[in-house]
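Chains as they are written, first to last, in the UniProt record's numbering: chain F, 1 to 408; chain U, 1 to 408.
No wet-lab data here; the hints were simulated from the structure.
Source: prediction; values computed, not measured.
Be a bit skeptical, because a hint or two may be false.
To be verified - Estimated spans, in silico, between C-beta atoms of each pair: (1) F:A75 - U:E399: 30 to 40 Å; (2) F:A362 - U:R233: 31 to 41 Å; (3) F:E67 - U:V392: 53 to 63 Å; (4) U:E89 - F:H196: 13 to 23 Å; (5) F:A348 - U:A62: 27 to 37 Å.
Backbone N, C-alpha and C fix where the C-beta goes; we use that ideal spot for every residue, glycine too.
There are 2 protein chains.
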Amino acid sequence: MRPVAEHAAAVAALFAPTATEWVPLGEARGRVLAQDLVSPHPLPPFANSAMDGYAVRSADLAAVSPETPTELPVAADVPAGRTDGPALEAGTAHRIMTGAAMPVGADAVVQVEWTDGGTERVRVERAVEAGQNVRGAGGDVTAGEVVLEAGTLLGPAQVGLAAAVGSGTLPVRRRPRVLVLSTGSELVAPGEPLRHGQIHESNGPMLAAAVDDAGGRAELLRFVPDDVEQFVRTLDDALAARADDPVDLVMTSGGVSAGAYEVVKDAFTGRGVTFTKVAMQPGMPQGLGLHAGPAGEVAVVTLPGNPVSSLVSFEVFVRPALRAAFGHPQPERPRVRARLAEALDKPAGRRQFRRGRIDAVAGTVAPVGGAGSHLLAALARADCLIVVDEQVTHVDAGETAEVWLLDG
Amino acid sequence: MRPVAEHAAAVAALFAPTATEWVPLGEARGRVLAQDLVSPHPLPPFANSAMDGYAVRSADLAAVSPETPTELPVAADVPAGRTDGPALEAGTAHRIMTGAAMPVGADAVVQVEWTDGGTERVRVERAVEAGQNVRGAGGDVTAGEVVLEAGTLLGPAQVGLAAAVGSGTLPVRRRPRVLVLSTGSELVAPGEPLRHGQIHESNGPMLAAAVDDAGGRAELLRFVPDDVEQFVRTLDDALAARADDPVDLVMTSGGVSAGAYEVVKDAFTGRGVTFTKVAMQPGMPQGLGLHAGPAGEVAVVTLPGNPVSSLVSFEVFVRPALRAAFGHPQPERPRVRARLAEALDKPAGRRQFRRGRIDAVAGTVAPVGGAGSHLLAALARADCLIVVDEQVTHVDAGETAEVWLLDG
């Protein structure tokens with residue numbers, strides 16, 4: 001059987017780095033910056049007042065104290081945003097607001113609390129040093145400085161900084177587009193009644209949510225028929241219809257095991273997709289390749305059909321590859337080590353991914369539910385995966401194991 | 001000055017829990033479930049095969065071994081999704097696929113690998129026990145079981161489970177709608193050229209991104225004029241236009257300090273909003289209240305205008321309140337303790353929130369940039385806030401401090 005790491009590398013190799021697109025600042029949150037962002041101007045762009053008060057020449061106030069106050073004529077009023085910038089004459093003051101540009105000739109600001117707040121003349125009770133209450137131009141960012149590097153994940157603070165340096169749009173990496181295919185004649189859409197032998201389709205919505213959660217763009221193509229020719233035609237029609245904004249990955253679940261009606265396996269075999277057994281539990285039957293679609297070659301990953309197998313396989317193989325493709329700085333789940341709250345047994349020769357719940361304070365992790373790959377309720381209660389290596393067959397309670405945090 | 005905790009409680013008290021709305025399953029990711037989700041049927045809904053193989057009566061194979069194989073007529077073919085459910089006669093086998101319903105009369109499945117794979121007659125080489133390779137009805141979920149509790153955050157696995165129990169739509173808590181107002185005559189839209197004394201508006205896009213990031217729905221109302229009457233008219237027009245899907249919070253930044261042109265303060269004073277000094281750094285000038293708008297009372301929070309002050313204030317007061325309002329199970333940022341990589345000094349009497357970068361492996365945190373509340377570039381490099389209590393004036397390198405993880 002193929003080692004997990006080898007299959008993960010093969011899935012990652014299917015993806016080229018996604019292209020750059022420009023988005024308005026208001027849509028940049030959660031995206032990855034595609035190019036270094038250089039500030040065209042300093043930040044602040046001009047020296048400005050850090051206080052509401054009076055712009056002065058500090059030399060004019062050298063002898064001032066509460067016992068020997070002085071009065072200065074208020075020659076101008078400088079609210080923030082005043083664009084004409086009058087100069088300050090010696091022996092006068094300008095009333096100035098926080099953020100307003102320092103007048104030429106002024107070198108300090110007396111905060112309003114140290115004055116009588118006058119509008120014609122102002123009584124000043126304290127001296128100030130040159131530069132006091134002044135934010136120098138470029139004190140935060142200098143002109144030409146790289147303020148955000150390519151590869152930065154854009155959160156609120158980064159959006160704010162990009163705005164401050166004047167970017168109305170930003171170059172970001174394209175989010176990979178993923179077509180999620182559900183196959184299986186037994187599947188019925190959630191919300192519809194079941195007949196005997198039918199089940200509600202859960203993999204499609206689950207995997208589409210997982211793609212979106214990873215930062216991709218999922219589209220669910222439901223109920224692809226269990227017929228090879230129809231399957232290929234439905235897929236190729238969907239790919240052709242999306243040629244202008246092409247699909248980066250076709251992701252299927254089910255239809256790949258040893259049964260007699262394995263439409264995914266039958267449709268893709270001999271068409272660039274290879275099927276293999278990977279040494280893991282759950283998730284042994286895996287496939288990958290490039291499908292020659294009507295809009296060019298498109299990556300294909302086939303996941304097993306059991307719900308737990310398919311989501312675990314997505315976590316192990318697809319999520320990190322997809323995130324690396326659009327340059328996410330943290331393609332992998334956070335990994336920690338935690339002590340097992342109870343003993344685990346597993347077969348040799350396969351890496352096991354057990355669903356667990358972590359107690360971060362105690363540093364312990366407890367398995368949730370059994371190893372069965374159809375146990376969706378336990379999967380939904382889990383907040384982590386417990387990873388037990390191939391050669392291990394038993395882990396005692398209290399021993400540590402690698403844990404992948406699914407909330408991170 | 002008002003303690004941070006007291007102001008935080010007052011902001012939280014502005015919000016009522018948001019209402020329930022029903023969304024299609026494909027839009028449920030990231031939402032909080034509003035009611036317990038009860039499964040109307042067991043999961044699996046019927047006993048089904050865990051393997052591709054042959055459904056049999058285990059008693060018919062009691063004497064079978066590789067040395068004494070037997071042959072059974074294959075009386076039916078049961079692919080997954082077959083709805084007519086033929087019964088199994090004694091002494092016969094049904095060819096069955098993974099997930100297909102067990103025929104009445106069959107109690108075990110012989111996996112295909114233990115047979116010759118025949119379609120008319122099948123040669124079986126091993127005995128099976130009753131129940132072998134059968135997944136019992138209700139083995140994952142029983143009918144009437146609560147599969148997801150109210151308050152559950154819906155991720156991929158929860159969406160999958162909801163689909164499996166047949167939910168085409170889900171009741172979730174409404175995302176709070178937030179109107180973000182930027183005021184200030186000095187502000188110019190990112191992308192537009194600057195004149196002397198002007199700066200690019202950064203708080204609006206930054207706070208809108210922060211609201212969306214918290215799980216709310218932000219709308220940015222830009223360049224509200226620095227004129228009290230125009231400000232109130234612009235705001236009330238915006239609230240009236242949204243009466244059908246009303247705004248939960250009006251959030252302003254700037255216009256609240258001691259200056260002569262403080263439009264937010266002037267507009268809201270005497271209209272249900274009170275302004276106060278909070279014992280924190282940055283972020284001292286804060287305001288909150290209820291504005292009697294044209295569509296009813298709406299919560300108002302006024303944040304200070306310096307970019308760092310406004311985002312820190314959002315983190316401390318608004319984000320947890322907003323998330324609690326729509327029932328998020330983790331309203332607050334993850335908090336850890338880490339050793340300071342360098343000493344910190346601060347004034348007494350105010351809780352300080354310094355921007356930092358954490359090294360989770362080393363367990364250390366280093367301050368990024370100075371304490372200045374206009375330093376956006378440092379804010380954008382930070383991944384955490386370092387919280388230093390009111391009475392502390394000095395923390396030595398190596399001492400531990402509380403750290404809020406901004407990526408969590």
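Okay, the hints, checked on the actual structure:
1. Separation of F:A75 from U:E399 is about 50 Å and departs from the stated range, judged on CB atoms against 30 to 40 Å.
2. Between F:A362 and U:R233, the C-beta spacing of about 57 Å breaks the proposed range 31 to 41 Å.
3. At about 35 Å, the beta-carbon gap between F:E67 and U:V392 misses the expected band of 53 to 63 Å.
4. Separated by about 19 Å at the C-beta atoms, U:E89 and F:H196 satisfy the suggested range of 13 to 23 Å.
5. One distance hint, 27 to 37 Å for the beta-carbon pair F:A348 and U:A62, holds here, with the actual separation near 31 Å.
Against the hints set out earlier in the document, violations occur for numbers 1, 2 and 3.
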